[in-house]
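Model the full assembly from the supplied sequences, consistent with the hints where possible.
Quick note, the sequences are listed as chains A and B, same order. All the letters of the first sequence, read from the start, carry residue numbers 1 to 223 under the working numbering. All the letters of the second sequence, read from the start, carry residue numbers 1 to 223 under the working numbering.
By construction, these hints were calculated from the structure, which means they are not laboratory data. Among these hints, one or two may not hold up.
Identical chains blur together in the list; that is why a pair holds if it fits in one copy or across any two.
[Stated by the list, open to error] Listed next, the in silico SDA-like pairs over lysine to any residue satisfying Cα-Cα at most 20 Å (straight line):
#, residue 1, residue 2
1, 151, 89
2, 194, 180
3, 151, 76
4, 191, 75
5, 201, 171
6, 21, 154
7, 151, 70
8, 201, 49
9, 151, 49
10, 214, 69
11, 31, 83
12, 31, 181
13, 151, 69
14, 151, 15
Here the structure is a predicted model, which means the values were calculated and not measured.
Protein chains: 2
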Amino acid sequence: MYKKVSVGKKILIANEEYALKNSQILAEQKKLCLNMISSPGSGKTTILVRTINELKGEIKIGVIEGDIQTEIDAERIKAAGAAAVQINTEGACHLLAAQVSGALERLDVGELDLIFIENVGNLVCPAAFELGEGGKVAVLSVVEGDDKPAKYPAIFAKSKALLINKIDLLEAAGVDFCMERMEADVRKLNKEIKIFPISAKSGEGMEEWYRWLKESVKVVKVG
Amino acid sequence: MYKKVSVGKKILIANEEYALKNSQILAEQKKLCLNMISSPGSGKTTILVRTINELKGEIKIGVIEGDIQTEIDAERIKAAGAAAVQINTEGACHLLAAQVSGALERLDVGELDLIFIENVGNLVCPAAFELGEGGKVAVLSVVEGDDKPAKYPAIFAKSKALLINKIDLLEAAGVDFCMERMEADVRKLNKEIKIFPISAKSGEGMEEWYRWLKESVKVVKVG
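And the structure:
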């Protein structure tokens, strides 16, 4: 007797094997790895660049950059002084664990405290593919609107932290974004999630995020 | 001898059959149908609501709304006075032509001049699935950054028109967005595309978009 497995499921199973392998490598070396997911232009790279600059000397950060095309983001990360490996998916809308596995081999993981994976800009598909990370971090910018958790629930349900970015624009231009409504919708999906309203541009609210990162790195290290 | 066809290709072929059927129905009835594609929160629904209000009495508009979950968008469209049919993809990151085929049956197409399909908020996947539309319209808001055409080229290469939305935020908050850089990158991908810098909120630049819509409806009607 054979079990019927759909092709979609087979792809997910193959991905999960690589994800398991990645998570074992990270666990053995006691490294925190965070998978950042958001729409294009929510500010993932800008958040990373500021975080790398501010935590220099405290935490050694490496970044795996996922983009459909270009090396723009890896170049920005390297300019900030962190190790970066670029993956170009050539059309694919999310990263796969096998790609991350290859990227981990190219990063000097032993030398790092924290590895960020910046996924392809897409609020939908990346949420379905585990990469072996220790946790997901969702980013939503206020200019995208407060109805996004209701409309795209998966990523908000699965993330350990949510960065609400571009709060400087909230005040400057009177964007229609009700923080209370958004938070209430997110809490319905995920009671444990940490929510950080920030501006990666002005730096507002970033201290709380840094504190959470340092604490999380420590927890994994002590293991 | 069998031709080898990958599963991904089979899905695309099944989709193309429905897309062809949709395009035939639209051609027979001489109706313009535009497939709007953007990231979540770029302003697709707000653009549609304003367009419906402004063109009331001139063009009869119907909307097929694609979302993963909720009927928020269809309710906004109906409140503006246009016919709307909501498709919930329940997790899928793009609309399929078969879903649009069902929605066209539920819309009173004969009574309309223009049918908009508002695709799921995703700058990547929807670009790969033809729905039988007469043309694609991409929406990019200035707060997403001017590097998006280089990083997500497919939708910019395939669209008839590009709406650069939220130009009110460009001036109000000094967003880092170089219109010239973005336009140059888009033109490398697509020489024919019409580019409309707009603010769906303030109404700035919308007249040109309305003119293009009215002209395009006329061209399809005269056939």
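Notebook entry, point to check: Can you name, in rising order, the numbers of the hints this structure does not satisfy?
Noted result: 4, 6, 10, 12 and 14
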